[in-house]
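Chemist: Spelled out from the first residue to the last, the chains are:
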Amino acid sequence: MEEIIQSAEKTITERFGAAASEFRGETTLLVPAEKIVDACRVLRDEFGFDSLPVETAVDYFPRTDPRFHVVYVLNSSKTHLYINLRVPVNADPAEIDTVEGVFPGANWREREIWDLFGIHFKGHSDLRRIMMPPNWEGHPLRKDYSLGYEEVQYTFNYEEIQSKKPRGER
Amino acid sequence: MKRSNRKNRAVSAEPGESMREIQEFTLDELRHLFSPRAQTGETMVLNMGPQHPSTHGVLRLIVELDGETVVNCVPDIGFLHTGIEKNMEYKTYLKAEVMTDRMDYLYSIGNNLVYCLAIEKLTGLKPPPRADAIRVILTELSRLQSHLIWIGTSSLDLAAMSTFLYAMREREMILDIFELVSGQRMMTTYIRPGGLWRDVPAEFEAAVRHVVDVLPKRIDEYEALLTKNLLFIDRTKGIGKIDTATCLAWNVSGPTLRATGLAQDQRKSNPYSGYGQYDFDIPTQKEGDVYARYLVRVAEMRESVKIISQALDKLPYGPVIDNNRKFVPPPRSEIGVSMESLIHHFKLWTEGFTPPAGAVYSSIESPRGELGVFLESDGGPKPFRVHYRTPSIPLLQVIPILAKGHFVADLVGIIGSIDIILGDADR
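So the protein sequences, as listed, match chains A and B.
Heads up: the first sequence begins at 1 in our numbering, then just goes up one per residue.
Heads up: the second sequence begins at 1 in our numbering, then just goes up one per residue.
The reader is advised that the hints may include incorrect statements.
To be verified - Here are the simulated SDA-like cross-link-like pairs (lysine to any residue), alpha carbons at most 20 Å apart as the crow flies:
hint, chain 1, residue 1, chain 2, residue 2
1, B, K86, A, W136
2, A, K122, A, P93
3, A, K78, B, L342
4, A, K78, B, K268
5, A, K78, B, T246
6, A, K143, B, G379
7, A, K122, B, E29
8, B, K86, A, R111
9, A, K78, B, I282
10, B, K241, A, H69
11, B, K86, A, E137
12, B, K382, A, D144
13, B, K86, A, R129
14, A, K122, B, H32
15, B, K91, A, Y60
16, B, K382, B, A409
17, A, K78, B, G276
18, A, K122, A, H69
19, B, K91, A, G148
20, B, K268, A, D50
21, B, K126, A, E26
22, A, K143, B, T350
Just so you know, the hints here were simulated from the structure itself, not pulled from any lab data.
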């Protein structure tokens, strides 16, 4: 069982220049952004990782280079093994290729990431907001998107926050 | 009006201006999703839901119809989006757990469990055997009550009304057990990182034993109402078919996948909480239609009863929570006599515990499929990122595949058969 993970790790590392790491028994491969679709295809066709249970993102604001990690968790229906892929994504432009062509189920997951993190998926068939209303401004799961409490005003940022207040003077 | 200043705000607050209107989709925007015949008016595009009893919550379907036949449908979700993942990032690990109950409200104990399993994986906490056994009993009871709701509502959709009333009667017994152990009927937060909140009361065993004794007969009654009912078979056989390869490509798991013939179950493939020591089967069917999903779920209820009775027979005695004071609060009796305990209690309740930095993924089998948590910690007292991998999203995503070519009335049966929870999908 473990050999599959090891050989997959070896293949992806050699072919796509990924960096492997292990934490709490989980193998994670850090794959360059332009290689993710190929890496997913190789893992699906050669190693039997035939479904993608999780695709999500993590925001490392204020770090900008890379600002995001897009996380893929692949599962094999035969061996029941999991393998994690991570792709660094820069703050500007925040975009990455879609893996919809390999795993059609990624469609809504990527719409969710676009909606909540603002990461654009190149080549996606239907990139609309999914959770928030279509005319929403901002991407709520970003770390610089406030939770909705009132911000505390100090002398150094009084004006700036005052101008953003709903009924403040503009 | 300075729009740029009001970023991140849904509600416009110009004096005199009421809430900003929510834009609606136009057919033009969704042109790529419907057939060209919709543009010419040859087929009809209708709206179903979000306030519709057969959509099991607030699901909206934009259905393209040719007469009575579904040509295509586009599910629209997000009406129940409450930003739980965002909120959890602002709370300590213990406080954030309370929010997990509110996602899949029919399997809230499982939501707690998977979150605690992720924290335990991250921190190395080890729940004692008694805690594991009680976790198994409670999650299986939770699966039973979820399936009871499903058998009631999905047969109600197909006009078999009496099952609903009986199923709700049985569900009440299970909710009473949850109230007995935690004081809450649905949102229990009873499972905590490292074990359980407290031990179960003395009445627990008798109450569970009663459910185990009564339920198999009651399941027979439901089966007598439905399994060989000709009207029910007519409405379900050959409707909403899907095959294994499609399920895997679209990440569909749970009973919907098992009804296509693949015996995939997290309880067997990646056992958690000591599921490996119980003897149970994974029911499967070949057809992958609504009737197959019905048979799989009914068989699953019987298996759950089997697991509960085994777990009850060998319920060990002992503590119910790990003893690591860096993560688990000390009991009240200790606080009065030990300075260390007082400090630990104070630290845990004010600052919270700090797991090591890193990311883990752990998953369990929910009544709807694989329920997983991706948890990333930055070493601080609050989770850096929590993502719930919920089984309802893939199920909703395949509704167009299931429904194409069937009648609108069958669409209702199909939505019932995949057993979606919108709170689970929208989070």
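Chemist: Taking the earlier hints as the rules, which of them does this structure contradict?
Modeler: 3, 10, 16 and 22
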